[in-house]
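Student: The primary structure of each chain is shown beneath.
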Amino acid sequence: MTGRSPLDTLKATGVPVREAVPEDAVAGVLPSWVAAPGGVGEVAEIMRAASSLGLAVVPSGGRTKAAWGRPPERCDLVVDTRAMDRVLEHEAGDLVVRVQAGVTLDGLAAALAVHGQELALDRPLDGATVGGTLATATAGPRALRYGTARDLLIGITVVLADGTVATSGGKVVKNVAGYDLGKLFTGSYGTLGVIAEAAFRLHPMAAERACVTSAHPVSEDLGPLLRRVTAAQEEVSAVEIDWPDPREPYTLTCLVEGVGAQSRASAVRELLGTRASVGGEPPGEWARLPGETFVLEARVRQDDLYDAMLAVAGTVRVTGVEAAVRGWAAPVSVLRIALRTDDGPAAGDAAGAAFVTALRDMVEPGGRVVVVTAPEEIARRVDRFGHIGALPLMKRVKERFDPDRSLSPGRFVGGI
Amino acid sequence: MPGDTLTLLADRLRGPLGDQWVITDPVRLRTYECDGLTYHRATPGLVVLPETAEQVSAVVRACAEAGVPFVARGAGTGLSGGALPRTDGVLIVMSRMRRILSIDLPNRRAVVEPGVTNLAVTEAVRADGYYYAPDPSSQQVCSIGGNVAENSGGAHCLKYGFTVNHILALEIVSPDGDIMQLDALDPGYDLLGAFIGSEGTLGVATKITVRLTRAPEVVTTVLAAFPGVAAGGKAVSAIIGSGIVPAAIEMMDALAIEAAEAAVACRYPEGAGAVLIVELDGPAAEVAGHFEQVERICREEGAFEIRVADDPAERAAIWKGRKSAFAAVGRISPAYIVQDGVVPRTALPGVLARIAELSAEHGIRVANVFHAGDGNLHPLVLFDDAEPGAGERAEHVSGMILDLCIEHGGSITGEHGVGVDKARYMPKMFTEDDLDTMQLVRCAFDPKGLSNPGKVFPTPRLCGEVPGVRKGVHPLVESGKAEQF
Amino acid sequence: MTPSEPPHGIDAELIKDCVHCGFCLPTCPTYVLWGEEMDSPRGRIHLMGQHVEGAPLSDAMAGHFDACLGCMACVTACPSGVQYDKLIEQTRAVVEREHPRPPGERAMRALVFALFPHPRRLRALRLPLRLGAPVARRLLPRLRALHPSLAAMVELAPPVPAHRTRLPPRVRAVGPRRATVGLLTGCVQGEFFPGVNAATARVLALEGCEVVIPRRQGCCGALSLHSGREEEAVRFARATVAAFERAGVGTVVVNAAGCGSTMKDYATVLAGDEAWARRAAELRTVDVAEFLAELGPRARRHPLRLDVAYHDACHLAHAQRVRAQPRELLGAIPELRVKEIAEPDICCGSAGTYNLFQPEAAAELGERKATHVLAAQADLLVSANPGCTMQITAALRRTGRKELPIAHTIQVLDASLRALPVSALTGGASL
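Residue numbers (my numbering), protein chains in the order written: chain A, 13 to 428; chain B, 33 to 517; chain C, 10 to 440.
Treat the hints as calculated values from the structure; they're not laboratory data. You may find that some hints are simply not true.
Unchecked claim - In silico lysine-lysine, PhoX-like type, Cα no more than 25 Å apart, as pairs:
(1) Lys239/B <-> Lys407/A
(2) Lys95/C <-> Lys25/C
(3) Lys407/A <-> Lys480/B
(4) Lys95/C <-> Lys273/C
(5) Lys239/B <-> Lys460/B
(6) Lys95/C <-> Lys480/B
Said to hold, decoys possible - For each label pair, taking beta carbons as the anchor points, the in silico distance ranges come out as:
(7) Arg406/C <-> Ala294/B: 18 to 28 Å
(8) Thr70/B <-> Pro353/C: 48 to 58 Å
(9) Glu352/C <-> Asp233/A: 51 to 61 Å
(10) Ala119/C <-> Ala98/B: 45 to 55 Å
(11) Leu494/B <-> Arg86/A: 30 to 40 Å
Just so you know, these numbers come straight off a predicted model, no measurement behind them. Glycine is no exception: its CB is placed at the ideal position from the N, C-alpha and C atoms.
Turn these sequences into a full structure, and let the hints steer you where they fit.
Tutor: Okay, here's the thing in structure tokens:
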């Protein structure tokens, strides 16, 4: 028996495959090879080949979030979706678009803007792909009005570990036929399969946009302000909290979209007090991640946002860790907390870990604190995800979809 | 013997549930033989009416231990036979779990039991200026639990989305009988999203946290009468094309209007070949702007009468005909099939024309009531059940309409669910691999396949048989492209 | 008679009208209470279907039919136009005929039907009730355990007026005459709430109607009809038609909802005999609120500074579809505000003889209604049916939270027309 090398076997699929370079690392783990399929068929081919070789596969898109999640236990092959960058179908009259997973959100936005339409998702990072955005379920302030990626996704095509191609949903918005695999794959961190294609419902681009901005001292309770603004019949699309330094005042930005946005924004300003001002487009930093290397996410109910902010401020005071915060109000309200632990590695690591633990103690059980990304030395010291009610069920789902644990093994909750 | 098993089960459950709420009398059992779709009937082996999650858990656990299938049922208004009982199983009727447990306006959420009716949620918060957005036509009857199972939509989901977009957390009883929490706050897989719309095949919801929506400042409902559906359909496209997302766009054709008139005397404009109901809601400034455009578009597309309603009573008058349309068809036809299919909005005119042809070819009248804004058709296929062969012809036409939907890249169900009725169409819309993959979810939740078996999927494999990783020689190996180590 | 329409059976064609949509469920009082399919209209129709197909009328089945209040809220809610009213009447007749009742239940039914439809017997009972009521109420808890139905009767009995009001056979119109109408005095209304009849006659006269009140009028037959006692109902119906024919009026004004709905259906009740059916069809029955709204106001309305909660009697709202008119009449009184009661479609549990035969369910429904009534925070409850008035009064008493004065729509109008003070309605005195 003349054994072909795994690389040869992978290459035999006809899919471009190359040796990995250090830049291909996933959360610090270097793969052996990188495949760049051009479509769902090729993803299936490469997955079948990988499966036959018993390789561990990690899907990858724009690499903007490659450091997120736990490091994979094994990582032989990265399936890079960036060559899958076509908009497959866009019937403007249907307000629906179907794309390959490697299309970037920025590219998609430009293509849709020509038709006066948009995919109503915020873009926290430049260069993120549709696939990566879905896999990590990244959201932004406009979740208040439009929901998150899972709410806008209407169809998905995935490739399982064994190369099985499965589609659920379709290209019509209203559709309840079969299970919604799209929901399951959104936020699954590449542990169930490779997202190859996705279809979304679109929105017409707002005729007008206006922002109301106001600064508030930390001592000012955000709760009543938020209640007023989110209950306002002016229909605020998003409320962002920008708080670059938890020792300083925070800035609230309310986005109003649609006909009469300017006058509606003026009405919203009345709710916020005299310090508020009305402007046009949202600020440049809108929805951006407040940092890159060490980011936490506190997920709480809207009315608990202020308490979560106080918890952050308190933790900053106690631990001495510098933080920058950006967040938003929504049914699941989020504070993204970027930490800087630069006063010496060992002490810094301990302080960072202490920060996570202290913050979680204060936010749970009403809310959750998740370590989105962290230097490995810190992450090792803490529970990245905290308590999850249905973890046993999640493990059973993983076992069914990927019984050999060959897809992003260990990257997600509970070591899934 | 299944009979003995059920008798033992009934005896076991009388303790935890109370004698009164374990039903074994055959005459009583038979009243549960069908839901809103009477075409499929099966008398349940046993009916239980639990009042708490713990009781549901006790029932499900007992079923799991005895290997007895169970089916959860809400108000029994489903139109796909999703709550069709099993003669060898237990029907868990949720109608006694109907308390609104808490209302939390600052967080715009409410926690309710599954038997609470959809409309009751809205009524509980209406005075405070909130409502529960998904509004299926049966909203005064149907239960939130049923809505969760079916991922119900309604007229207003064009703008506001479906049940799945309005549920923040669920307490479920898993098919093993465990009580579990699925919460949108939790990191991890979106099991909440997977559970909603799974038609009772992944377990039983026992507590539901719904999102409340702020009542809009202004609601304007426009009723536009057109000479025919073609003109109405063009108006729909033009409205959406102009960048407006109305809260709802509904269309009824002449036959549907006739039925509604007969039932509720809705007094739609005389001589209308189609009526369009366009509801705009939101901030006053926006609604006013959109209204002008909608009115202009309707006139341009040939509307010969336009009525506008701004207050609740007038709006209710306009909606009355639409909301009663399904049941109202009983007034103009001895029997009928309510179909539910979806096509991309832009395919509407062609599909409607083809439905008219099918109707003529087969001598079967078809009344059309639909959520035009999202291409969700509800053709009502009318027939006389006393006439030999009419039922089969109607069934045939109804099936061809679904084929038409699939052909146009649509769906075999927009909101009624697959249930038992459409399971056989699933292979037309999905490949075997698609269905097998969905089945993986089922097996994760319910490896024994006891939770509402026989629904959604045509002849599902047993979980042991589902190919996890392909067995046998892989095609690539076979073709020499790859080699197995 | 065609074979498909058995003379005394359940009409299978009517059953087929039900498409099983379930829209009736939330309006059905027993479904609201128990959440069981077989205690909903849809379930009962299903049971009727089973019986038509040959299933024997078991105790279980009969129990579910008996539990129906006959409030007809489901008829209002049904989009398919199912004639549940006809179906349940047919079914009750079948139950009465085919279903042997236990002796105790039989005795109670006999007592009720020997008493209520007979004004003179009721009158004879007034004195013992007046004297005995306080004693009986003290015994209530024990009675409830021994005989719930009898307990219900005692509890429901209203304070009996000391003096009977005897209405003249004819009341002249005030001012130019606009119409001549007959007035049905009714059994329970006439004996327990004579003030309502007096007020009706006065208001009609003040609005320009000549009111004819035949002396020899008996029960309209409503209670019998709603309990499946068909032959008795036919007898009463014929007598009532004859009484008004003799009085020479073409229109009969009725102020008790249950009576009105039955009389409007006389043509069907008497359908067995063509001649009687024709005679019945020639007599027009109209509810007093319906009639006055149609006639239009002429007399001056004097202000009444009052918040009133209007209770929809099922036999008015559902059976006769009279909902707007009473609200209009009340709303037109200066300074009076009409408040709505939550769950207006759900029956208070009175439902003719229901509170006597199904006391537990009726009590539960009564308390539910009482809670909603109190939540409306009104000064006065307005109810247009004597049965509802007794039922809600009893329930309010049980909740023990508050005594709320109750009046009939026409009494409120009467007070306004006669410029009476508010205290005439709320003073606590029996009206």
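Student: Determine for every hint whether it applies to the structure shown.
Tutor: Do the hints match the structure? See the list:
A C-alpha spacing of about 23 Å is found between lysine 239/B and lysine 407/A, which places the hinted pair at or below 25 Å, so the restraint holds. In summary, the hint linking lysine 95/C to lysine 25/C is supported, as the alpha carbons are separated by about 13 Å, within the 25 Å threshold. Only pairs whose Cα atoms come within 25 Å are accepted, and lysine 407/A paired with lysine 480/B is accepted, the gap being roughly 17 Å. Pair hint lysine 95/C plus lysine 273/C holds up; C-alpha atoms about 13 Å apart against a cutoff of 25 Å.
For the hint linking lysine 239/B to lysine 460/B, the alpha-carbon distance of about 35 Å lies beyond 25 Å, and the restraint is violated. Of the supplied pair hints, the one linking lysine 95/C and lysine 480/B is violated, its CA atoms being roughly 48 Å apart against a limit of 25 Å. Between arginine 406/C and alanine 294/B the beta carbon distance is about 46 Å. The supplied range of 18 to 28 Å is therefore violated. Distance hint for threonine 70/B and proline 353/C: a CB-CB separation of about 30 Å, inconsistent with the stated range 48 to 58 Å.
Checked against the hint of 51 to 61 Å, the C-beta distance between glutamate 352/C and aspartate 233/A comes to roughly 39 Å, which is inconsistent with it. For the pair alanine 119/C and alanine 98/B, the supplied restraint of 45 to 55 Å holds, since their beta-carbon distance comes to about 49 Å. For leucine 494/B and arginine 86/A, the Cβ-Cβ distance of about 31 Å falls inside the hinted range of 30 to 40 Å, so the restraint holds.
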